[in-house]
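Peer 1: Chains B and L, in that order, are what the protein sequence lines are. Residue numbering for the first sequence follows the UniProt record's numbering, starting at 1 and increasing by one per position. Residue numbering for the second sequence follows the UniProt record's numbering, starting at 1 and increasing by one per position.
These are computed hints drawn from the structure, not numbers from a lab. Just so you know, not all the hints are guaranteed correct.
Within a straight-line C-alpha distance of at most 25 angstroms, the following computed DSS-like cross-link-like pairs (lysine-lysine) qualify [what the hints assert, rightly or not]:
#, chain 1, residue 1, chain 2, residue 2
1, B, 577, B, 463
2, L, 186, B, 233
3, B, 292, L, 132
4, L, 577, B, 513
2 protein chains.
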Amino acid sequence: MLLEQIKGPQDLKQLTKEELQQVVEEARTALLEKISQYGGHNGPNLGVVEMTVALHYVFDSPKDQFVFDVSHQTYVHKMLTGRAQAFLDQAHYNEVSGYTNPLESEHDLFTIGHTSTSLSLANGLAKARDLKKETSNVIAVIGDGSLSGGLAYEGLNNISELGTNTIVIVNDNDQSIAENHGGLYKNLKELRETNGQAENNFFQSLGLDYRYLEAGNDLTALIELFEEVKDQKEPIVLHIHTTKGKGFSYAEANREKFHAGGPFSLETGEYLRSSKPIETYSSLTTDFLLQKMNEDPTVVAVNAGTPMILFSPEQRQQVGSQFVDVGIAEEHAATMTAGLAKGGVKPVWAVHSPFLQRSYDQISHDLALNRLSGTILVTLASVNGMNDESHLGIFDIPFLSHIPNLVYLAPTTKEEYLAMLEWSIDQTDQLVAIRVPVGPVTSTGEVDQTDYSQLYKNKVMQKGEKVAILGLGNFYGLAEEVATELKERQLTATVINPAFISGLDTELLDELKETHQLIVTLEDGILEGGYGQMVAGYLGNEAIHVQTYGLDKAFHDRYEVAALLAENGLTLENIVKNIEQTLTEA
Amino acid sequence: MLLEQIKGPQDLKQLTKEELQQVVEEARTALLEKISQYGGHNGPNLGVVEMTVALHYVFDSPKDQFVFDVSHQTYVHKMLTGRAQAFLDQAHYNEVSGYTNPLESEHDLFTIGHTSTSLSLANGLAKARDLKKETSNVIAVIGDGSLSGGLAYEGLNNISELGTNTIVIVNDNDQSIAENHGGLYKNLKELRETNGQAENNFFQSLGLDYRYLEAGNDLTALIELFEEVKDQKEPIVLHIHTTKGKGFSYAEANREKFHAGGPFSLETGEYLRSSKPIETYSSLTTDFLLQKMNEDPTVVAVNAGTPMILFSPEQRQQVGSQFVDVGIAEEHAATMTAGLAKGGVKPVWAVHSPFLQRSYDQISHDLALNRLSGTILVTLASVNGMNDESHLGIFDIPFLSHIPNLVYLAPTTKEEYLAMLEWSIDQTDQLVAIRVPVGPVTSTGEVDQTDYSQLYKNKVMQKGEKVAILGLGNFYGLAEEVATELKERQLTATVINPAFISGLDTELLDELKETHQLIVTLEDGILEGGYGQMVAGYLGNEAIHVQTYGLDKAFHDRYEVAALLAENGLTLENIVKNIEQTLTEA
């Protein structure tokens, strides 16, 4: 096996073209072995095996600098830069992350997990090179799907302005995570169909040189192309047509299904799912919206490039024009939602917490400042969400809940969630965000009759004494557990479901400060800038004690949830101990 | 005078072409009278007088819906929609805001003050119209300068995708706030020079129909063009060449100077400045950077479309390639800064607080997550910054300071500011943001020798008893005033300059909690999610009292600073009273 012997790009450069082709085959085999067992970004990596081998053969990393957009397509890059074992030996599978990571290799320049950033990063690298009067190639690899993000356009604009060596590789597999959306994709299609000769050319219109390569999975053609542009002085766009999922027929045939996921069967192309619960908060959302949209043709669901959060391809067909996927363009999703609300329809925008932060200004300036209604469904907002450092769902309380005119809700059960959804979609007074619960569905079995237009009214679930525990959203269950434990120790705690994140029930807190000695807050996110600190600030000048629990402010990476919670004192034992200690001393 | 008689667009429609031209002249005269006395966005409004009259003559607002990008060019729109008096009568000048405002008129759909949002808003309005099966025209007016923002591109992309009536008017006066930057502007220039016939066409490459009009200040030509496209089913881009500052020779000749400002002399074209202090925090920044950049060719200043924050046009020439204006594209500015830092140079990115929020994700994901160094100068971050509701500088502490790996500094004097700058630019361990002081320069006269690499070490400026006052940044002076007042009442307070916003000096707080009865925090921004609440959270379980002072969470509009501070308890009298009350009761 050649792949095992490649310790870095320099080893690749010694090989013949035939041996390079063998490396391609070995890499693809290793890729399929690992992803079928371990899961990952399947389609994107299968599609760029040849391109990655060609890039490392022609260019001289790390002197020449590669930036991979999203960097989810860098498995082969990792194989060729000293990390092959993590793809060849099951025992080492977990030794590399799914993205580029400077801690792993000098060939990984950035930790990247969000889309559309590569061109701006490359522009900065090129400018730094020029200021230092050095010469090298800066190469950005960006997928067609990532070109829908405005930042990519800003990057192209400024690469053209700088005017020095920057090689932009558009890896066009005619697919985003799901299908592409936007006028640009008509142009990419024209360009593919005319072998790059179409009259309209988006890249040339921005003043950039342009080359098209149809044979994007042909190693020889790729090497030739890269050799031709290497060391050129001006920026250039190389538009390369690749096949997403290349070499695995099921992935080639079903590009959305095989964008990411796993493990799966190499024989049948079926995902090996552990038996999935029938009802999840995701399925509840989908079912609710399908019915609501059917009843009310002015309800419109909005999403930025991750439609599967809400609907399967078939369901998207079913709801037709009542669903809008704007491409990976979270800013547009937010601002379009503002336009929809102003236009008198009922928008529901669903977005994962780590990507919501891409729209901070649009939520503030376009939606909240304008006091427009509309519903934002914030998904995967939890320590139990995704656990890659670039995909954390633990920062949304600090960045979202302090925007004026925005009501951020934290449901704790299925019934609350559905009642909040129903209220939010139909009302026209408030911008509402709902922190969709993460974890198994809990149900009271009783319809929630709460009037959520009474803003910031908390729910006292159990009246007790001495200590009041405010369990926010996903951590309400922990509040109940603490209360149960205290009960065994002969203390009946007051248990509160705040339901609202973005403001306090000051009437209740004013009452508690007279009647209780301690308030405990539990939140599923970082502590700093969060809910508990609001409570502590409000009661800072009072005699009552306030203990706040949440996570420390850090980009935690591939963590074990239980361990991280324990490090942050978020265990039943620790909380009970601290409560008892404070009550004893008080 | 015709203008006085126009109470709404319907009155305009009754006029002859000659009378319409008279309205144009009257509007321009009124505009010049008001802006020369009152200030405002001069060039943008002078350039669109004819266009605005033509738009309201041809289209039927509010049934047809106008969205003006940034909406700083809507003075004539306001004149024609029932608000002429606010431009004709000095006594009423202050009755309209400088931006569209739904509270003023049904013809103003949105409150808008940030760039590049209009196309996405229009896309939402058009989609809402389609869902409701209504017919009307949706018209977005966007300047060439605003097209540098990625959101505008996302909007164009999705307008093309939707494929129904949306009239995008590109008001091209070949100028942003300062000069334009980016590849797009080469294309706009080609298009202007070929009467719209250039081979490359950015808009057509996105699948949009396109029309060019060279005579953008010709009323008749504009009316003809708008009548031709009114009610058409497909989206279209109307690229219209206008003259920024049209009708005022000084503004036409000096487009950057007359973008905004005032009052000025109509005779000499000079701004009537009250005598400006020689030294401001702005001049200190400029002087420092000019020297630093001269000494170190790897220091590079970055800015997004507001270069005058740092340098005059002449100074920009002087620093040459060590200054980069990326156009109005704050996301790119942040991510390019990450690339520059990784590339081994020393980037300094200067940005007004209200626009900083456009880069939340890029600061978090591209800079902070990657632990890259680099300096962000946050300007106008204060209740004393701009006071339009879309331009507030009071939210940056909550949204910026809770991002991991980011050190946010709050200097209180000239010497501190310069020492922080010096440290930040040269070090390579931290991403540093500096909240540039707002207000008159204060000076100790002594070089600040603080070692800021000792993160989160606060400065105890006066040791006292019972109460410790933490005066953050701009509000440090208030802390001193409170201490002086307490001193007169025989109480020596401890006075602390935290210097750091993004974390606490826990060692100091642990000491204070044993030795003092009360901690008071003062911060120049909203209270929620801010610095004081961090302090209160840290000390929540302790006996010591914490009083937090800051502004309420709201989009305050055109406020009087003193009144707003008083409403929020931020007066010397109130703070002293509260301190005394707590100390008496404690």
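Peer 1: Does each hint fit the structure? Answer for all of them.
Peer 2: Structure-based check of all given hints:
no.	hint	in the structure
1	B:577 to B:463	21 angstroms, holds
2	L:186 to B:233	19 angstroms, holds
3	B:292 to L:132	16 angstroms, holds
4	L:577 to B:513	22 angstroms, holds
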